[in-house]
Structures are given as structure tokens and as C-alpha cells.
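Novice: Spelled out from the first residue to the last, the chains are:
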Amino acid sequence: MEMDKLGVITTFIHNIVVYNIPLLYGTVGEIVVEKSGSLNLGVEGIMAVGAIFGYIVGCYTNSMLVGILTAFAMGALMGLLFAALTVSLQANQNITGLTLTTFGLGMYFFVGNAIKAVRWPIMSDYSSIKNGFADIAIPGLSQIPVVGKGLFSHNILVYLGIVIALCMWYYLNRTTPGLRLRAVGENPGSADSVGINVKRTKYLHICLGCGIMGIGGYYMGLNMSGSFSSACWINGYGWIAVALVIFANWNPIMAILGTFVFGFFNTLRVSGSSLAVAFPETLGWLAAVPTQLYQALPFIITAIVLVVTSVRKREGSGLPAALGLNYFREER
Amino acid sequence: MGFHIVKRDSCPLWKKALLYVIAVLAALVLGGVLLLAMGVDPLAYYSRMFTMGMVGNKIAYKAFENYLKVFVPLALTSVALSLAFKMRFWNIGGEGQFIMGSIAAATVALKLGPVLPSAITLILMCLAAMLAAGIYGAFVAVLKVKFGTNETLMTLMLNYVALYVLMFLGDRKADWNFFLQEQSARPVFQSFADLASFPKIMFGKFGLNICVILTFLVGTLVFVYLKYTKHGYEISVVGDSAGTAHYAGMKVNAIVLRTVFLSACLIGLAAAFKVGTAGVLSTAITDDVGWTGIIVAWLSQLNTAVIFVVSALISMLHYGSVAAAATFSKVDSSFANMLQGVILFLVFTAEFFIRFRVVRNKKGGKQ
Numbered sequence: 001m002e003m004d005k006l007g008v009i010t011t012f013i014h015n016i017v018v019y020n021i022p023l024l025y026g027t028v029g030e031i032v033v034e035k036s037g038s039l040n041l042g043v044e045g046i047m048a049v050g051a052i053f054g055y056i057v058g059c060y061t062n063s064m065l066v067g068i069l070t071a072f073a074m075g076a077l078m079g080l081l082f083a084a085l086t087v088s089l090q091a092n093q094n095i096t097g098l099t100l101t102t103f104g105l106g107m108y109f110f111v112g113n114a115i116k117a118v119r120w121p122i123m124s125d126y127s128s129i130k131n132g133f134a135d136i137a138i139p140g141l142s143q144i145p146v147v148g149k150g151l152f153s154h155n156i157l158v159y160l161g162i163v164i165a166l167c168m169w170y171y172l173n174r175t176t177p178g179l180r181l182r183a184v185g186e187n188p189g190s191a192d193s194v195g196i197n198v199k200r201t202k203y204l205h206i207c208l209g210c211g212i213m214g215i216g217g218y219y220m221g222l223n224m225s226g227s228f229s230s231a232c233w234i235n236g237y238g239w240i241a242v243a244l245v246i247f248a249n250w251n252p253i254m255a256i257l258g259t260f261v262f263g264f265f266n267t268l269r270v271s272g273s274s275l276a277v278a279f280p281e282t283l284g285w286l287a288a289v290p291t292q293l294y295q296a297l298p299f300i301i302t303a304i305v306l307v308v309t310s311v312r313k314r315e316g317s318g319l320p321a322a323l324g325l326n327y328f329r330e331e332r
Numbered sequence: 001m002g003f004h005i006v007k008r009d010s011c012p013l014w015k016k017a018l019l020y021v022i023a024v025l026a027a028l029v030l031g032g033v034l035l036l037a038m039g040v041d042p043l044a045y046y047s048r049m050f051t052m053g054m055v056g057n058k059i060a061y062k063a064f065e066n067y068l069k070v071f072v073p074l075a076l077t078s079v080a081l082s083l084a085f086k087m088r089f090w091n092i093g094g095e096g097q098f099i100m101g102s103i104a105a106a107t108v109a110l111k112l113g114p115v116l117p118s119a120i121t122l123i124l125m126c127l128a129a130m131l132a133a134g135i136y137g138a139f140v141a142v143l144k145v146k147f148g149t150n151e152t153l154m155t156l157m158l159n160y161v162a163l164y165v166l167m168f169l170g171d172r173k174a175d176w177n178f179f180l181q182e183q184s185a186r187p188v189f190q191s192f193a194d195l196a197s198f199p200k201i202m203f204g205k206f207g208l209n210i211c212v213i214l215t216f217l218v219g220t221l222v223f224v225y226l227k228y229t230k231h232g233y234e235i236s237v238v239g240d241s242a243g244t245a246h247y248a249g250m251k252v253n254a255i256v257l258r259t260v261f262l263s264a265c266l267i268g269l270a271a272a273f274k275v276g277t278a279g280v281l282s283t284a285i286t287d288d289v290g291w292t293g294i295i296v297a298w299l300s301q302l303n304t305a306v307i308f309v310v311s312a313l314i315s316m317l318h319y320g321s322v323a324a325a326a327t328f329s330k331v332d333s334s335f336a337n338m339l340q341g342v343i344l345f346l347v348f349t350a351e352f353f354i355r356f357r358v359v360r361n362k363k364g365g366k367q
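Chains as they are written, first to last, in this note's numbering: chain R, 1 to 332; chain A, 1 to 367.
The reader is advised that the hints may include incorrect statements.
[Unchecked claim] Cross-link-like lysine-lysine pairs, in silico, BS3-like; alpha carbons within 25 Å at most:
1) K62(A) <-> K200(A)
2) K69(A) <-> K116(R)
3) K7(A) <-> K69(A)
4) K200(A) <-> K69(A)
5) K146(A) <-> K86(A)
6) K199(R) <-> K230(A)
Hints are computed from structural coordinates only; laboratory data are not their basis.
Predicted model only: the values in this text are computed from it and were never measured.
Given these sequences and hints, build the entire structure.
Specialist: Below is the structure:
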């Protein structure tokens with residue numbers, strides 16, 4: 001009995017990681033984009049496009065790596081579209097981003113339904129995908145009781161997500177191109193005047209960030225075992241990612257932490273009742289909490305963070321000063 | 001050799017119109033190529049889509065009534081959003097405000113509907129919805145003027161808070177929850193169609209919902225408000241430059257608050273129209289008008305008259321694609337969303353050529 005209860009906790013921790021690392025991809029991707037001064041509200045659509053193409057191409061080639069690369073490439077292409085419209089053609093970022101979401105979700109269902117009409121690839125038929133998505137235990141660490149299996153035995157995309165987040169933190173804060181990128185996001189005019197190629201910097205990082213989002217979408221598709229239905233795989237995670245960027249204060253390492261915080265609520269929504277059953281005395285009340293509260297919490301918390309940071313006008317806020325503003329050289 | 005872009009001083013109207021038409025046609029051609037690739041005749045598909053399946057349909061009047069049900073909330077929401085956008089206040093919160101308005105309207109219908117005459121209930125529904133949505137929107141405007149809170153992100157967050165409140169109401173069976181049917185064991189929204197429902201003016205079999213007339217009326221009022229009143233002038237000055245407005249002695253904060261409140265109020269009115277026509281709440285009550293309205297308002301360059309035309313067309317796209325999907329089973333109705341995206345992207349491209357000129361750099365000049 002005791003073992004069972006501990007098992008529930010282990011599963012809970014495991015689920016926090018498995019079901020929410022896609023958020024980390026979306027968030028880190030959006031951080032990279034926003035650091036270039038572009039507010040991209042198309043995360044949901046970009047993840048959807050990465051997901052559908054990554055999944056289908058990955059299955060047909062029976063290669064996880066091809067799937068990941070396809071998802072990245074399709075995400076980056078969506079980014080290229082966003083960059084072309086907002087950086088070169090000076091279109092409004094909010095509207096372009098929102099349209100990218102509509103467009104991306106439209107494409108997701110259009111392509112998905114078209115493939116389904118012919119032959120939908122079933123994940124378990126493709127050995128490399130199925131095995132590639134299996135958990136890999138980290139020797140040693142995964143032996144720790146209770147938390148070991150929860151935290152250190154995961155599929156390859158979980159580790160990749162963490163690695164990308166750490167790399168992006170290092171890139172943004174400790175390298176020259178990262179410094180240049182931040183300069184562009186803070187004040188493109190000044191960056192331009194010291195010889196930084198603003199356009200190129202924006203294009204590159206919008207594409208890079210959107211590519212990362214695409215991989216997150218692919219992950220969500222695999223998480224759903226690739227079963228295509230009337231609900232999109234992304235299921236609002238793109239919007240939570242936009243919120244998480246703020247919660248994480250535009251810091252990829254904080255994004256890892258934030259993913260676990262938001263993921264904690266998200267997992268309570270799914271497995272709160274099993275916790276309540278395992279610990280009736282202490283956690284029995286969990287069964288009575290409406291699931292919608294867990295769903296709303298990320299947005300409520302982010303709203304509070306937004307207000308608090310704007311009231312305190314705190315030093316060290318990661319909000320890029322030129323976020324959402326297009327840069328037109330002649331108006332400098 | 002390189003190029004650079006310069007702002008145009010002005011662009012003749014015919015050229016503008018031509019560029020827009022080319023953009024939309026190009027989008028339709030792109031969509032057509034996609035349809036061809038799927039083995040569907042694009043002309044047949046488009047004619048089905050733009051006639052919304054009404055040709056050769058015995059109950060075409062019904063289809064047109066349903067089309068208007070899509071059109072009314074979208075047009076009114078887009079008009080409402082354009083008010084805020086004119087001041088560069090990024091009200092992305094149409095969805096949330098619409099939901100809050102819907103809940104308020106439904107509350108009035110369910111609580112007061114049984115005791116009041118239908119006409120009074122409907123008026124109270126409109127007022128309650130406007131107030132609820134207005135407060136929900138103005139709350140963000142207060143934060144914006146007091147603390148400089150980013151309104152784009154804030155309204156975005158509140159959309160989801162509202163959505164989950166609505167989903168909670170639609171999901172939780174309880175004594176206090178009068179939104180749900182009492183007899184049903186499963187949570188189902190209680191209908192109030194027989195308590196309060198907007199009247200129709202009958203033209204033969206076709207019933208013109210009074211909301212359509214009211215929407216055009218409100219649209220005209222907003223047009224006049226923006227163009228001919230002091231308030232309208234203030235809005236355009238604040239939109240151009242808050243600094244200028246301040247320097248001219250305008251109370252910028254008060255103008256922002258007032259306009260955002262009005263904008264959100266009108267979204268609430270759109271919600272009341274929707275709820276009072278549907279006769280029941282649903283978790284998908286907004287039909288995404290809060291999102292689509294943003295696109296419509298922007299496509300119309302925030303011009304009230306153009307908004308009516310564009311929302312008629314976009315509603316046609318959405319309603320028509322569903323109708324066409326019945327005939328062309330290969331083409332999913334999500335085609336409309338894709339096409340809408342492509343249209344907007346190409347219109348943005350057209351807009352670029354309206355606003356800017358591409359100039360070839362002179363030889364020997366600076367790079």
C-alpha cells in the first residue's frame with residue numbers, strides 16, 4: 001500500500017515533466033523571438049504546423065530525427081513568413097501573429113484531414129518513432145527513490161528541451177551574438193548605429209525561435225500518440241507559452257522553473273483525483289477543486305505578474321524595451 | 001547595388017483599391033492551386049463557397065438567416081475593436097469581453113426573464129452585457145494608464161480567465177448554478193429562448209432579425225461619433241501621438257479609459273445580440289469573433305464603413321466553407337482559415353507598397 005502511494009507521487013512528478021516540456025519549447029522559442037524585439041502571437045499556430053508536418057514526415061520516413069528536423073524547419077518557415085511581413089514589410093506584429101495562429105491551425109486541420117482521407121500514419125506502426133520516444137533512464141540519478149524515476153527517466157525530447165533552454169540562456173547572456181540580439185530588442189536604432197545588422201539579427205532569431213516552437217509541437221503530437229481528432233494537439237499550449245515568457249521574465253532558465261510551476265497545476269488537473277484517492281486525509285479536498293481553476297491559473301498568475309512588475313517598474317525586468325515595435329530605419 | 005525603402009507621401013485611391021483587389025485575387029488563386037492539387041475544381045468550389053450553398057437550395061432563406069447570425073456579432077465586435085485600435089490601444093481581449101457579456105446577458109435572461117416582459121428583458125440583457133464587458137475591458141485600461149501595464153498581454157490573459165469561468169459554469173452541477181438545466185444529470189446549459197429572444201421582421205419566409213438592423217444603426221452611430229464629434233477627434237489625436245494630445249491640453253488618460261470602456265461595451269452588446277438570438281449559452285459562444293474581429297478591423301484599416309463590407313466577406317468565407325464542405329468532402333472547412341490567413345498576408349504586402357516605395361540606391365551613394 002505504501003509503495004502504491006509513493007508510486008502515485010512518482011507518476012505525478014513524471015507527468016509534470018512529460019506533459020509540460022512542450023511548453024518549455026514554446027516558451028524558449030518565444031523568448032528568443034521576443035528578445036529580438038518582436039512580439040509573436042502566433043506560437044499556437046506555429047507549434048501546430050511543426051506538429052503536423054513533423055509527425056507525418058517523421059512517420060513516413062520512420063525516423064525521429066527527420067521528424068524533429070522537419071518540425072524545426074516548418075516552424076522556422078512560419079517564422080520566416082512572420083519576419084518577412086513584420087521586419088521587411090512593416091506589418092503590425094500583433095495582427096500578423098494572430099493571423100499566423102489562424103493560418104497555422106487552418107493548415108494543421110487541412111493537412112491532417114487530407115492525410116487522414118488517404119491513410120493516417122499510426123505511431124505504433126513505426127518502430128523508430130515508437131522506440132525513439134521511449135523513456136531513457138539516466139544511470140544513477142534515476143535510481144533515487146520516488147523522485148528518480150519521476151525526474152530522470154524520460155524520452156529524448158525532454159532532455160533535448162532542457163538542453164536547448166540551457167544553451168539559449170548561455171547564448172543570450174554570455175555570447176557576443178546574444179548581446180547583439182538583446183541590443184536589437186532594446187533599441188534597434190542604437191544597435192544599427194553601432195553597426196549591428198538589425199534586419200539579419202531579427203530574421204535569424206525569429207526563424208530560430210519559431211523552429212524551436214515547432215519541435216515543441218512535434219513533441220505534443222507524439223505525446224498524443226499521433227491520434228488525430230477534432231481537437232488540435234496543441235490545445236492552447238501556445239498561449240500558455242506566451243504567458244510563461246512573462247512569468248519567466250524572458251529568462252530561459254527561469255522558463256524551466258516556470259514550466260514546472262505551470263506544469264504542476266496542469267498535472268493536478270489531470271491527476272489531482274488520483275492524488276486525492278491515494279491520500280484521502282491530507283489531499284482529499286483536491287477532488288473538489290474545479291479543473292477549470294487549474295486551467296485558468298497560468299493566466300491568472302501571469303496577469304498578476306504583469307501588474308506587479310508594471311507597478312514596481314522593477315530594475316532588471318527582462319522585457320525588451322522595443323518589444324512589439326517595428327524598426328524603420330528612416331524614422332530613427 | 002542595393003535597394004532601400006522610403007515612405008510615400010500619399011497614394012491615389014484607385015491605386016490603393018487596385019492593390020487590395022490584386023491581393024485578394026492572388027490569395028484566391030493560391031487557394032485555387034491548392035484545390036486543383038487536391039483534384040477539386042476551384043471554380044466549382046468557390047462558386048459554392050461564395051453563394052454559401054444557397055443556389056438551388058429550397059431553404060435558401062434559412063441559410064441567409066444563419067449567415068446573418070455569423071455576420072452580426074463579427075461586424076459589431078470589429079467595429080468595437082476599431083475604436084480601441086484607433087488609439088493604438090491593443091485590445092486583444094475581445095474574446096474575454098464577449099464571454100463576460102454573454103454570461104451577464106444569460107444571467108438577466110434566466111433570472112429576470114420569467115418575471116418581466118420579453119422586450120424589457122432583452123433591453124436589460126443588452127445593458128447588463130455592455131456593463132459587464134465594459135468593466136472587464138476598462139479594468140485593463142485603468143492598469144494601463146495608472147501603471148503602464150502592457151495591454152496586449154493583459155487582455156490576452158483575461159481572455160482565458162473568462163473562458164475558464166464560462167467553462168466552469170457549463171460544467172459544475174450545483175444548487176447555485178442556475179445556468180444549467182436542473183432536470184439533466186449531465187451538465188447542459190439551460191435554454192432561455194422562450195423567455196427572451198430578439199424578434200424577427202418577416203419578409204415572406206425570411207425573417208430579418210432585429211439585431212441586424214440594430215448593428216447597422218450602431219455602426220452608423222460609431223461612424224458619426226468618430227468622424228464628427230469632439231470625442232472622435234480626440235481619439236484620432238491620441239492615436240497619432242499621445243504626446244501631442246497631452247500638449248494640446250487633452251486629458252489623455254480619461255480619453256483612453258472612456259474609449260476602451262465604450263469599445264468593450266459594444267463587444268458586450270454584440271454578445272447580448274448573440275446570446276439573445278441563440279437563446280442558450282455555450283462554451284463556444286464567441287465563435288472566435290474576438291480574434292477574427294481583430295483581423296477584420298485591421299483589414300478594414302479601422303474604417304467603420306469598410307468594416308461592414310469586410311466582415312460580410314469574411315463571414316461569407318467562414319459560413320460558405322462549411323456549406324461547401326457538404327458538397328466537396330475532400331476540402332475541410334479549415335480551408336477558410338487558411339485562405340483568410342493568406343488573404344491577410346497578401347493584403348499586408350499590398351499595404352507595404354501603398355505605404356512605401358522601393359528605391360534603387362544611386363551609384364556611388366552611401367550603401
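Novice: All hints are to be evaluated individually against the structure, with a verdict given for each.
Specialist: Consistency of the hints with the structure:
no. : hint                : result
1   : K62(A) <-> K200(A)  : holds (13 Å)
2   : K69(A) <-> K116(R)  : violated (32 Å)
3   : K7(A) <-> K69(A)    : violated (41 Å)
4   : K200(A) <-> K69(A)  : holds (12 Å)
5   : K146(A) <-> K86(A)  : holds (20 Å)
6   : K199(R) <-> K230(A) : violated (41 Å)
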